[in-house]
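Protein chains in written order, with this note's numbering: chain A, 1 to 247; chain B, 1 to 198.
Hints were generated in silico from the structure; no laboratory data involved. Just so you know, these numbers come straight off a predicted model, no measurement behind them. By construction, the Cβ of each residue, glycine as well, lies at the ideal position given by its N, Cα and C atoms. Careful: at least some of the hints might be erroneous.
These stretches of chain A come out as covered by chain B in the derived footprint (C-beta under 8 Å, 3 or more residues) [claimed, not checked]: (1) 1 to 12; (2) 37 to 48; (3) 57 to 69; (4) 74 to 81; (5) 104 to 112.
Label-pair distances were calculated between CB atoms; the ranges are [claimed, not checked]: (6) G21(A) / S132(B): 36 to 42 Å; (7) G21(A) / E9(B): 42 to 48 Å; (8) R3(A) / G24(B): 48 to 54 Å.
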Amino acid sequence: MIRCDELRELLSAYLEGTLGGTDRSRVEDHLAACEECASTAEAMRLVVGAGQGLAGLAPSADLTARLTASPCARWLDLLFRAVDHEVAPEALARLLEHLERCEGCRRTWDDLALIQQVSATLRPPSRLIERCRTAHLRRPRGGRRVMGMRTATAAAYLLAVLTTLAVGNPVTLARYRALGTVQQASEIVTDSVNQVATSGRGELRVMIWRAWRWGKTQLESLKQLLEDQDSTQTPRSAADEQQGGTS
Amino acid sequence: MEDLEATVERCRTGDEEAWRALVGATIAPIFRLCASFAPSAAEAEELTQDVYFKLWESLERYNPGSNFMAWAWRVAKNLLIDAHRRSRRERQAAWLDPEVLDRLPGADNPQKTAEHRQRLRLIVRGLGQIDSELAHLVLLRDFAGMAYQEMAEALELPLGTVKSRLNRARLELATAVRRRLNIRPVDSSSLINEGGAP
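Working from the sequences, and respecting the hints, build out all of it.
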């Protein structure tokens, strides 16, 4: 009869039914005589059998649909990482090829590149900065991150461009001479960005899309606000325009 | 039906129809792989999306003729291992999630489902007690359903080494499970799995 240590080497093959005739008989003889090995074999059978019970596991139809629905969602995901210099050269080459063909993604790329340049010169409100900085440290129940780093980056960029447009751009200030109104608008914008950033518990890509769409909507609202403000102002003289002073 | 290599080749040119075909052909084993390493059903779906994004991003590096599942493991290894780390820390697994259990064949039998869940719970606890690299072997083979050859390519190990390490992993897991169960000796003829290898 084979020894216990020899039997243990053969157990996986035996339980998977791939052991040849002679070895199989030797294993069965040993198991019939050795209580310890028979117990181990029974526990191992439990492990192998439980996994096999999951063979029919299928993903939800919704998951497949999400994976194949929007090609630009994948490209934009890559794009966000490219802006952060987090993609391999060959993936970047494919992205640039896609940008040649896709006007929508190209526009987003241009916007993000501009936003990144702008954000490098600004200091967004400390609440958002702190949140972005510590986002990867906070893990809510269930282990999911409150906000992915790419989302945090996107939110920070959005905030940067919006606040730049509102209060950091001397051309805007010179043109509209509406510091009070613009500051008020900026506070609304900042609060909204913070709300988006702090409620970012959804899926990463959905969050980025929401943030981006929200950003575009806010930009339009801000432009409209400034245009409305402009229409209520007394038209400025050519001398004022040339002087371009601040209020 | 077009072979996987031709589909991947078309994906590289940005062919969306090919991408849909690739997802359709591979989603079941990839999802099972992700569900084996994730701590919940929701995370398994999220992980599947991340893995597909990673695969899509890395298509240029796929060698025609190599095994897709083995390549998928190598590309997405870090994502999967991170998910498994959370799973171990939280002592949870996607298979214990009712959302997953309800999708399995035979889920309409409450007693069978409860027994299955109980066995899975024991195994999850056992997996948390053995070395993580050994646990990965059990997950890849017994839960994700990978073939030995796929595992050898994925782990870049000789076939014999994979088999012997898996046997060791199963033995350690069986020992951990035995500590929680009072398993009595049984008729050895009933030990062989009727379905054979997964």
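Hint check:
Restraint check on the region 1 to 12 of chain A versus chain B: 4 residues with Cβ-Cβ distances below 8 Å, three needed, restraint holds. Residues of the region 37 to 48 of chain A lying with their CB closer than 8 Å to a CB of chain B number 11, which satisfies the three-residue condition for coverage. Proximity of the region 57 to 69 of chain A to chain B, defined as three or more residues with a beta carbon under 8 Å from a beta carbon of that chain, is established by the 9 residues found. Interface restraint, the region 74 to 81 of chain A with chain B: holds (3 residues with C-beta to C-beta distance below 8 Å; minimum three).
Residues of the region 104 to 112 of chain A with a Cβ under 8 Å from some Cβ of chain B number 0, which does not satisfy the need for three, so the listed coverage is violated. For G21(A) and S132(B), the hinted distance range of 36 to 42 Å is satisfied, since their beta carbons lie about 37 Å from each other. Judged by the Cβ atoms, the range 42 to 48 Å given for G21(A) and E9(B) holds: they are separated by roughly 45 Å. The given range of 48 to 54 Å is respected by R3(A) and G24(B), whose C-beta atoms sit roughly 50 Å from each other.
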